[in-house]
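Visitor: Sequence:
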Amino acid sequence: MTVETYENAEINDEVLRYRVYIPKVKRRKYKVFIFLHGAGERGDDNLAHIQHNAKLLNYIIDHPIHGKETIIIAPQVPEGQTWVPLEDVRHGTYNYETNPVYPIQEIFNDFLDKELEKRFKVDNRYVYIGGISMGAAGTMDFITRFPGKFAAALPICGTLDLNQLKRYKRTPLWLFHSSDDPVVDYTPFKTGYEKLVEMGADVMYTEFNDTGHGVWVKAYEEPGLIDWIFSKKKTMPRF
1 MTVETYENAE
11 INDEVLRYRV
21 YIPKVKRRKY
31 KVFIFLHGAG
41 ERGDDNLAHI
51 QHNAKLLNYI
61 IDHPIHGKET
71 IIIAPQVPEG
81 QTWVPLEDVR
91 HGTYNYETNP
101 VYPIQEIFND
111 FLDKELEKRF
121 KVDNRYVYIG
131 GISMGAAGTM
141 DFITRFPGKF
151 AAALPICGTL
161 DLNQLKRYKR
171 TPLWLFHSSD
181 DPVVDYTPFK
191 TGYEKLVEMG
201 ADVMYTEFND
211 TGHGVWVKAY
221 EEPGLIDWIF
231 SKKKTMPRF
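Counted from 1, the sequence shown has number 75 at position 75 by this note's numbering; the numbering is strictly sequential.
Hints should not be assumed to be uniformly reliable.
[Stated by the list, open to error] Straight-line C-alpha distance at most 20 Å; calculated SDA-like pairs for lysine to any residue:
1. LYS68 x ARG27
2. LYS55 x ARG19
3. LYS232 x ALA201
4. LYS26 x PRO64
Derived from the structure by calculation, the hints contain no laboratory data. As the structure is a prediction and not an experimental result, all values here were calculated from the model.
All chains, please: the whole structure from these sequences, using the hints.
Guide: See below:
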């Protein structure tokens, strides 16, 4: 995965550092999977977030079909910043309406909204997002901020805002959590899933009871996970 940066002086002085994987097989347009790391991989080396999450990324890269069709983009959050305040992630108190927008989030919002399809040959019907812990909360924030942009989302051991279910409903979701997670409360995911099912949403929820916070280890090995993600196609209009 190559090192890339993005800046927009009109927004702030923040530099978005990210890694990108582009398949060797040339295509007119590619699917895109955006991965958001956890709090422990923050920094400015543009490396720690890849090393810690290599398993999922390699599952995609090595897949005989999806690995040839999919660009992977993995931004790194600087130390001291986050997508969603960490205390809100831990305690399930995240509120989209009052969530502060950090400089890294502002620049990444701009990247998603204006730059992604300029820089890469993206088929915008197949843009996916997922993340773990802090990155899972960020995933839920982005599908709220950009309703209809993503074909599917894969949040693992994060949190959500139960007041935003109508927006979540627009994006197919597969939620993962563990009931013995000592770091992030699992109940917002479970409650959100139950309510989304009642609303007729395309949503799945897998709950473990023995993984602690590291539920992603089992989630990555869930049968059919990769195929489920890439089977989704955006059909609703983007705005």
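Visitor: Each of the hints needs a verdict: does it hold here or not?
Guide: Now for the hints, and whether the structure bears them out:
{"no.": "1", "hint": "LYS68 x ARG27", "in the structure": "9 Å, holds"}
{"no.": "2", "hint": "LYS55 x ARG19", "in the structure": "15 Å, holds"}
{"no.": "3", "hint": "LYS232 x ALA201", "in the structure": "14 Å, holds"}
{"no.": "4", "hint": "LYS26 x PRO64", "in the structure": "15 Å, holds"}
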